[in-house]
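Trainee: The chain contents come next:
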Amino acid sequence: MLAITGFGFIVLYSAVGENGSLLLRQAVRCGVGFCAFLVLAQVPPKYFRVWTPWVFCGVFGLLLLVMIDGQVGKGAQRWLSLGVVSIQPSEFMKLAVPLMVAWFMHDRSLPPTLPQVTALVLIVLVPALLIARQPDLGTALLVVAAGGLTILLTGVSKRIIAAVGVVGLVSAPIAWQFMFDYQRARVFTFLSPESDPLGAGYNIIQSKIAIGSGGIFGKGWLNGTQAHLEFLPERSTDFIFAVMAEEFGLMGLLLLLALYLVLVGRGLYIALAAQDTFTRLVAGSLTLTFFVYVFVNAGMVCGLLPIVGVPLPLVSAGGTSMVTLMAGFGMLAAISGQKKRLAA
Amino acid sequence: MENTERPFRDQMREQKLFQSRVIVCAVGVLLLTAMLVGRLVQLQVVDTQHFTELSEGNRIRTAPLSPTRGLIFDRNGLLVAENRPMWQLVAVPEEIDDLDGVLNTLKRLDLLSDVDLEELANNVRSRRGFERFTLGNLSESQAARFAVRRHRFPGIDLQEGLVRHYPYAGAGVHAVGYVGSISSDDLEVIDRGEYAATSQIGKTGVERSYETILHGQVGYRQQEVNAQGRVLLDPASTEGGEGQPGLLTRLPTPGKHVVLSIDMRLQLAGARAMGVQRGAVVAIDPRSGDLLALISTPGFDPNRFAAGLSRNDYVALTTDLDNPLFNRALAGRYPPGSTIKPMLGLAALDHGSVDPHEDHYCGGYFTLPGSTHRYRDWREQGHGAMNLHSAIVESCDVYFYRLAVELGIDSLGSSLTAFGFGAPTGIDVSGEAAGIVPSREWKRQQFANPADQVWFPGETVIAGIGQGYMQATPLQLAHATAALAAAGRRFKPRLLIGTEDAVSGVFEEAEPVEIDGVAVADEAHWQRVRDAMLGVTSEPNGTGRTAMLGTPYTVAGKTGTAQVFSVGQDEEYDEENVDERLRDHGLSVAFAPFDAPEIAVAVIVENGGGGSTAAAPVARAILDAPFGIEDHGDSYE
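Chains A and B, in that order, are what the protein sequence lines are.
For the first sequence, our numbering gives the first residue as 114, with consecutive numbering after it.
For the second sequence, our numbering gives the first residue as 1207, with consecutive numbering after it.
This list has only true hints and no planted wrong ones.
Residues on chain B that point at chain A, a partial pick, calculated with CB under 8 Å:
1) T1239
2) R1245
3) V1251
Hints are computed from structural coordinates only; laboratory data are not their basis.
If you're wondering where the values come from, they're calculated on a predicted model, not measured in any experiment.
Note that beta-carbon positions come from the ideal geometry of N, C-alpha and C, so glycine has one too.
Assemble the whole structure, with the sequences as input and the hints as a guide.
Mentor: Shown next as structure tokens:
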């Protein structure tokens, strides 16, 4: 499948600017993710539909567990220790929420009625609020984005979309009241990074220097001074995009973005060709969510968006997000396979 | 026709709707991508000159500045933890080519104490390349030895740093705690930015639980460096450098000073009185929950941890049979023995299950109705006719066997729970054990075998003298004694009574936290029990009389002797030690002055024999300390 070749390509990129054990660990995660991909790709999509409520409830239960008994890392309670590995249930929620929305709408006719939309909004917002309380605003917003896009795809009427938009604008100042200081600081930093070059603004300034100094062709592999003299924070995770920008320049980034677009295009095509409401919605929302990650990460690194902890899909080091994404692509592949089976 | 086609048309319509939405989204995707590309073109093509200059030319690096750790004082202002200047060997990881080789050479030159080189190398590697990492502390002569060879070690440097020092060494260690090098485990939980310039972190005690207050906030200094990362201009090293345009400095905020509830006079007196014996001493101010002394013996010298403990020394400490690292005062669990008799007496009075004036004959043993098993008194020939008062004064076991049976295990357990047994007291340092107040429910949960889950009447009998399953920590015992002294009022035990801003000198007092007290129906019950405790130290037959003779204050107390019912796993092979370690634990609780108690103390001497001979003299030494009375004889040595 076209998607897989895309992976291999992009994953190789992650070798850039890293070394040794970190790379090995990432390879292991990648392997686990790939297994998840292969397994899920073999499953007929109707089983996804059957499992969805259970998966959703399970992940929701894990979220509650984290609230009660989670590990606190860097001031936020989001990890759950399962013996050898720690997992972040909120990552799985990114997958579970769109699935649940699609499941809910499967037997109902589109577009959804107002009460149905209300139910859908609850499916999205309740887990998102739990995650926001961890506190992990970035992931919470992504869950909202994933769920919201799915609802959008159900063909909800333009009037309701407009109404939600208005409510969103009105509630923004209220949300501001409930935000943590560091979250507010990030918004301020985004508006004016130069105001605090030593503290919160440091990341974004260094990241912009890295990208800008890369130029059109980049400084060459392993030659990025920003990255290798360690000016750039979180090089292997959230800011890996800047490392690539510095070392491979605009050309490298365009190639990467093109690959991402191919994946997104392929996903949307699968969605259009899918046979029933559930698979259609799942394929569409998984693909669009994937793009949202790419956009949010790239946008934050080059200063278009405020800094939220979103990894660059398939490239950043980090286990749960890699596995979640691979699982998502596995479902896409399964949905695309379903069509072929029916045709045969 | 209409009806059959309807689902089909719906499907078509739905698919159409979906298609239109997908197309809208696809357009959105393309627009956003175009926006990204536009931004990248702006950064990488249009403005690339500007950013290349920033990156390739002279650049600015931000070097962290470590905050000075707050000092720790006792309640009278005596310094118990300070910072001393000391030479340190530091590594700048990115400037070292062969880290293992360099570390090996340093070790051969005896410049690194015998630490685990592999772990040290890993710690260095886990730091960011430009972060200076402290390898260890050097004596004056070591520093001189390194100074002449410095040219051979690029990336290794000598710097004068501050190292924690504890003037009282081991005397306060189980309360104050100690600092040590930041380990890879610590790195997982701390904010790396805040600790970028810090090499030590609180490991136990107050040093650990008030780490955030003591540590302070990191500062920064911008330096100009060239493309290879070499420092070209450092404002700190040039006169007036702070004025350099574009180079910012943010001074670190020093940590706050911490004022402890501990009174070092009591702490030292207690440690001296314990001598080489194993055990624990806890003294509490019943009016506030302030811990006046918190001693666990044997102790150890925290300065060795602060200066960098060698691996061998650490192994020696952890494998020591006496387990000096173990905080007996907080985590040691002992059968409380007869020290809980006053509390049980109070419970029985409150419950109406005992008439304080009624005499019961003690013939040296007690039997349950319908059983021939004899529960023996510690005094073989018995105590004769006993009422509640004399039974506490002489610590008659038979009287309390009967009292426990008549009170019943359920009421007995709940009364002990009200005094704080069976649950952590909530002291403001970690590592506290919960202890055990046995109950039917506890036994059901504790044992897997249904035959073991049944509560036997005989277990109630021995609970009356604090034996059997019951376990209490010395802290709980002192806490409960404080509640007796304060007629039921209880405060959360605390080690911190305030903080002082290192810069402004502003003192911020922490309020005592009162918790649920021990409630009794008739306040006169308190007086009855407390009078009996006064009798323990003042009446001719009182078990605590000898130890408390001639005090310039009135003191009430209780002694206890607890059987050691099991042999530790480690001990059983050591023939010589077996006998000594099977001896009874000596316990003593006391409070003074009797009319308006200011101090409550609990003492446990492991394998010390009887409470009146082993533990009560230590309690006496603690109570004497505020009066400046030291060493009133060698009787307890």
